[in-house]
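2 protein chains.
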Amino acid sequence: MKHNFGAGPCILPQEVFKQAAQAVLDFNDGLSILEISHRTTEFEAVVAEAGKLVKELLNVPSGYSVLFLQGGASLQFAMVPMNLLGDGQTASYLDTGVWATKALKEAKFIGNVNVVASSKDANYTFIPKDFEIPADSAYFHYTSNNTIYGTELFEVPQTNIPVVCDMSSDIMSRVIDVSKFDLIYAGAQKNVGPAGLTIAIVKNEILGKIDRKIPSMLNYQSHIDNDSMYNTPPVFSIYVALLNLRWLKSKGGVAEIEKENKQKAEALYREIDRNPLFKGTCAVEDRSRMNICFVMENPELEKPFLKFAEEQGIVGIKGHRSVGGFRASMYNALPITSVHALIDAMQSFEEKQAKSN
Amino acid sequence: MKHNFGAGPCILPQEVFKQAAQAVLDFNDGLSILEISHRTTEFEAVVAEAGKLVKELLNVPSGYSVLFLQGGASLQFAMVPMNLLGDGQTASYLDTGVWATKALKEAKFIGNVNVVASSKDANYTFIPKDFEIPADSAYFHYTSNNTIYGTELFEVPQTNIPVVCDMSSDIMSRVIDVSKFDLIYAGAQKNVGPAGLTIAIVKNEILGKIDRKIPSMLNYQSHIDNDSMYNTPPVFSIYVALLNLRWLKSKGGVAEIEKENKQKAEALYREIDRNPLFKGTCAVEDRSRMNICFVMENPELEKPFLKFAEEQGIVGIKGHRSVGGFRASMYNALPITSVHALIDAMQSFEEKQAKSN
Chain A
1 MKHNFGAGPC
11 ILPQEVFKQA
21 AQAVLDFNDG
31 LSILEISHRT
41 TEFEAVVAEA
51 GKLVKELLNV
61 PSGYSVLFLQ
71 GGASLQFAMV
81 PMNLLGDGQT
91 ASYLDTGVWA
101 TKALKEAKFI
111 GNVNVVASSK
121 DANYTFIPKD
131 FEIPADSAYF
141 HYTSNNTIYG
151 TELFEVPQTN
161 IPVVCDMSSD
171 IMSRVIDVSK
181 FDLIYAGAQK
191 NVGPAGLTIA
201 IVKNEILGKI
211 DRKIPSMLNY
221 QSHIDNDSMY
231 NTPPVFSIYV
241 ALLNLRWLKS
251 KGGVAEIEKE
261 NKQKAEALYR
271 EIDRNPLFKG
281 TCAVEDRSRM
291 NICFVMENPE
301 LEKPFLKFAE
311 EQGIVGIKGH
321 RSVGGFRASM
331 YNALPITSVH
341 ALIDAMQSFE
351 EKQAKSN
Chain B
1 MKHNFGAGPC
11 ILPQEVFKQA
21 AQAVLDFNDG
31 LSILEISHRT
41 TEFEAVVAEA
51 GKLVKELLNV
61 PSGYSVLFLQ
71 GGASLQFAMV
81 PMNLLGDGQT
91 ASYLDTGVWA
101 TKALKEAKFI
111 GNVNVVASSK
121 DANYTFIPKD
131 FEIPADSAYF
141 HYTSNNTIYG
151 TELFEVPQTN
161 IPVVCDMSSD
171 IMSRVIDVSK
181 FDLIYAGAQK
191 NVGPAGLTIA
201 IVKNEILGKI
211 DRKIPSMLNY
221 QSHIDNDSMY
231 NTPPVFSIYV
241 ALLNLRWLKS
251 KGGVAEIEKE
261 NKQKAEALYR
271 EIDRNPLFKG
281 TCAVEDRSRM
291 NICFVMENPE
301 LEKPFLKFAE
311 EQGIVGIKGH
321 RSVGGFRASM
331 YNALPITSVH
341 ALIDAMQSFE
351 EKQAKSN
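Chain order of the listed sequences is A and B.
Residue 347 in UniProt numbering is what sits at position 347 of the first sequence, and the numbering runs on without skipping anything.
Residue 268 in UniProt numbering is what sits at position 268 of the second sequence, and the numbering runs on without skipping anything.
Keep in mind that a hint or two might mislead.
Identical chains blur together in the list; that is why a pair holds if it fits in one copy or across any two.
Unchecked claim - Cut-off 20 Å, straight-line C-alpha distance, at most; resulting in silico cross-link-like pairs (DMTMM-like, lysine to aspartate or glutamate):
1) 318 to 42
2) 105 to 225
3) 307 to 29
4) 213 to 87
5) 249 to 121
6) 209 to 351
7) 180 to 225
8) 307 to 266
Because the hints were derived from the structure by calculation, they are not lab data.
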């Protein structure tokens, strides 16, 4: 048994792996989930149930469509401005890290971009506050959780213009008020399902307001009109997402998992703050519950600790190269026992160090 | 045991299903293929081997890149003109069916389109010949196999301009001379792997010749520069494609599978032509080896025959609504025993009819 703290594609529930493997062998009447048509009644039921569960789990109000797409958040970086940013208009972006920067860079291929604030000079260790969102922007875009830096934005910034949010790494991890957003998108490969699937939650009325000719696959309306079956969807990834959403519902839904996620994060941050060998890298008030970044007071101990942790079955905690140190990603499916295993490793390593000094 | 004649997503080898299911449970060191990072050494090896096998199996010359993308052929319909059709230029398209029509419709969002020929008036029952491809077109686009109508174009049309081909439903089914093409693309879900993956084989030198600003995910060059890892790729679909490509190689490669595909197609066409109850729907010289369309002389017998075939474990032979009757899709992984089962059903049904008359 490994403790998988990988940043994504990431751990999913063990029962989901078992059910998914079974469906690869026999999904329905002896046929594999990999060899069935997406136009079968059985698969249409999968897509319908997955969409219904997303709406139920996130309490999506009427007037929104839930879409299952491909291409990851990176393709959304282009689709958002293609669909929402008219000729001559400007979109406002909050720059909180590499992914936010990529999103606004892609928007620049389509139109004008205004960066409302950036914490780049501080290596994105905090979320900028007190910025102004121009009321005449086509929309405001932000990234709710910054996987690389371990910061998270829990409050939706106040504005009267449409709000677009990349929730790739914290969707389904906490209760959100969908009515405050006009477009939410997320690569599935954290809390929704495996890689190869993108989820989008679109307020229908924001579409169709600009003149651009948009190729069908890049037009949200085509996917809405065809219930995410404009063309062959990523069948297996949607099925695994369904299994994962069912699991989340059986756990009590998003409010319940949020409690667990809080407990997990609080336990690890407590140890980081207590243990004299370690320190967090982010502003305390902006700490993410999904990706917990920390370094060691003595950088020379980082390699030995990484090795020590690996010996306890802890994998995926090496930090991203732009931050260094460690990153413990603690998505929904990571059990609290894995968090305890990491905390135990930190404490044992502290004791070991004390003895060797 | 079902005989799966579905048009796609379609049958893959049984051993691929077994290996894929095993990887969902334990791909490497106890971790599922669904929970590993695409940046692991193990997965980078998967992508590298899959790319190498595509090159080997299709004998891809140097100067071409093999890409693993998302969005299906439908997204390629837009990416091709975005990358190759400059302002004021015209692209030439051959219209051989619904998918060819969709491809040229998407190109019209980007630039000018010239249709060199169409068999639409004959419900696409043949492939137009003797058309002219203007030498000043930016490129010539065609669909090598028309899944819905059961026609296939075996010879590459003669032209000096770049040739772009949608090979979604016959790639890897027969030997091709890649040097005659500048861009080949294919949704994977027939002979390459499961849904959720697109393969593209791009001649590097055709890129970068037009001025358009292309969003990164829609620019072939981004994917070439990043070895298909510009962003998180569809991990599981690529892995299953690798398993399938390994299987194809173990079978003796494309030349060997082409022999089998010929035998399978010849056997079924022979029965269609012999059996007085059935008749083919396409021009004989344009008959596809992948998708075999046929109807019954007496349409009232079609429902009873469909039911009779299903009783023998034959699934997926109902024809597309635009052709009616039956369509037997006979991709690489369909064993010849399944073809014999279908032929047996046709003969038994003939005998049954003879007795009841």
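(message) Reference check for the pair residue 209 and residue 351, CA-CA at most 20 Å: within, between, both, or neither?
(response) neither (62 Å within a copy, 62 Å between copies)
(message) Cα distance capped at 20 Å. Does residue 307 pair with residue 266 within a copy, between copies, both, or neither?
(response) Close neither inside one copy (24 Å) nor across copies (61 Å); limit 20 Å.
(request) Classify it for me, residue 105 with residue 225: is the Cα-Cα distance of at most 20 Å met within a copy, between copies, both or neither? (result) between (29 Å within a copy, 18 Å between copies)
(message) Cα distance capped at 20 Å. Does residue 249 pair with residue 121 within a copy, between copies, both, or neither?
(response) This pair counts as neither: shortest intra-copy Cα distance 41 Å, inter-copy 52 Å.
(message) If the cut is 20 Å between Cα atoms, do residue 307 and residue 29 qualify within a copy, between copies, both or neither?
(response) Between copies only: 16 Å across, 47 Å inside.
(request) Evaluate residue 180 and residue 225 at a C-alpha cut-off of 20 Å and name the case that applies: within, between, both or neither. (result) neither (24 Å within a copy, 38 Å between copies)
(request) Using 20 Å as the alpha carbon limit, work out where residue 213 and residue 87 are close: within a copy, between copies, both or neither. (result) Cα proximity of residue 213 and residue 87: in one copy and across copies (11 Å, 15 Å).
(request) Could you place residue 318 and residue 42 in one of the four classes (within, between, both, neither) given a Cα distance threshold of 20 Å? (result) Intra 41 Å, inter 17 Å, cutoff 20 Å: inter-copy only.
Violated hints for the displayed structure, listed by number in ascending order: 5, 6, 7, 8.
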